[in-house]
Amino acid sequence: MSDLLEHHTIDVAPGDEGEIQVRTRILGYVVGLGLAIVLTVTSFFIAGTDLVWQPSIPVAIVVLAIAQMGVHLVFFLHITTGPDNTNNVMALAFGVLIVFLVIGGSLWIMANLNQNMMPMDQIMQMQR
Amino acid sequence: MATVVTAHADPHHLGGLGAAAEHAGPASKRIVTGYGFWIFLLSDIVMFSCFFASYAVLSGQTAGGPKASELFDLRSVAAETGCLLLSSFTCGLATIAADVREKTLYQLAMALTCALGLAFLSLEAREFASLVARGAGPTRSAFLTAFFSLVGCHGLHVSAGALWLLTMMAQVTAKGFRADIQRRIMCFALFWHALDIIWVALFSVVYLLGAGQ
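The listed protein sequences correspond, in order, to chains A and E. Here the working numbering = 1-based position in the first sequence + 1. Here the working numbering = 1-based position in the second sequence + 1480.
Read the hints as simulated data drawn from the structure, not as lab findings. Please read all numbers here as calculations on a predicted model, not as lab measurements. A hint or two may mislead.
[Unchecked claim] Within a straight-line C-alpha distance of at most 20 angstroms, the following computed DMTMM-like cross-link-like pairs (lysine to aspartate or glutamate) qualify:
hint	chain 1	residue 1	chain 2	residue 2
1	E	K1509	A	E18
2	E	K1509	A	D122
3	E	K1509	A	D85
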């Protein structure tokens, strides 16, 4: 075990955690599962409720989803802010950047095209 | 004068990382493998983001067919979510069991993970079958094409993960907890947890936001 989980002061593989004690590691997963369940139940509850201002529901669902992804990253994938995790976090940051560019860019361009394009039936008539 | 000397002795300000100087040389194989797999997972997430982008763009293009709010059964989605969350937890337990070389615990946790993954897949297959039976198959509208490709792509990943899981159970039985097997277990656990993250985005964006439309 010691050859596998030696304490790396410089780098640590994603998924490996600095913690070696089994009891503490299991507790980490239990906490992660608990937080994830709370966040999931909240977002399912929010989606179907009449108790909150309706336009806020999509925002709340997106915020809860991002929070839950953070919980998964920290408690299950063990991506931390420690100095031994810098490389993992940098790769993650680059991935997140690309994801935002792809999704945000697509939505932006397509919304713009939708707004500026002639309605479909008019285009069909012009082609006749 | 003394400050100048210390500045030269520690040009990169590694004072906090005492072992940095002694730790020259390549990183251990476990770190290299894990990091490479992490890069692959991020590229996989980027690929999923393209499916998400196409779904977001096409989600309103129903071609006169059924809308998202008329199709989805949120109770089934909640059950699928529960399966994946619990399977991520048992997968974590399997990782711990592998690190302390507890064979029975490892196989038990992996078997539970596999059962939960298969339960998820069967729920999803039932959902797809009922959609197709109601005339809302992938050919009905651009919205449904995007829906089936996004959710189906995640389902394919879970199926591949289940196959990999069974392979890892067999490899531990046949070869024991060798260092290379341990690295594969680590990569599998990363893969399984990453699929869970994608599912979080998926049930939020597709099902919960779709139900409100």
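Now for the hints, and whether the structure bears them out:
1. E:K1509 <-> A:E18: The hint holds at about 16 angstroms.
2. E:K1509 <-> A:D122: 61 angstroms, violated
3. E:K1509 <-> A:D85: Holds: E:K1509 and A:D85 sit about 16 angstroms apart, inside 20 angstroms.
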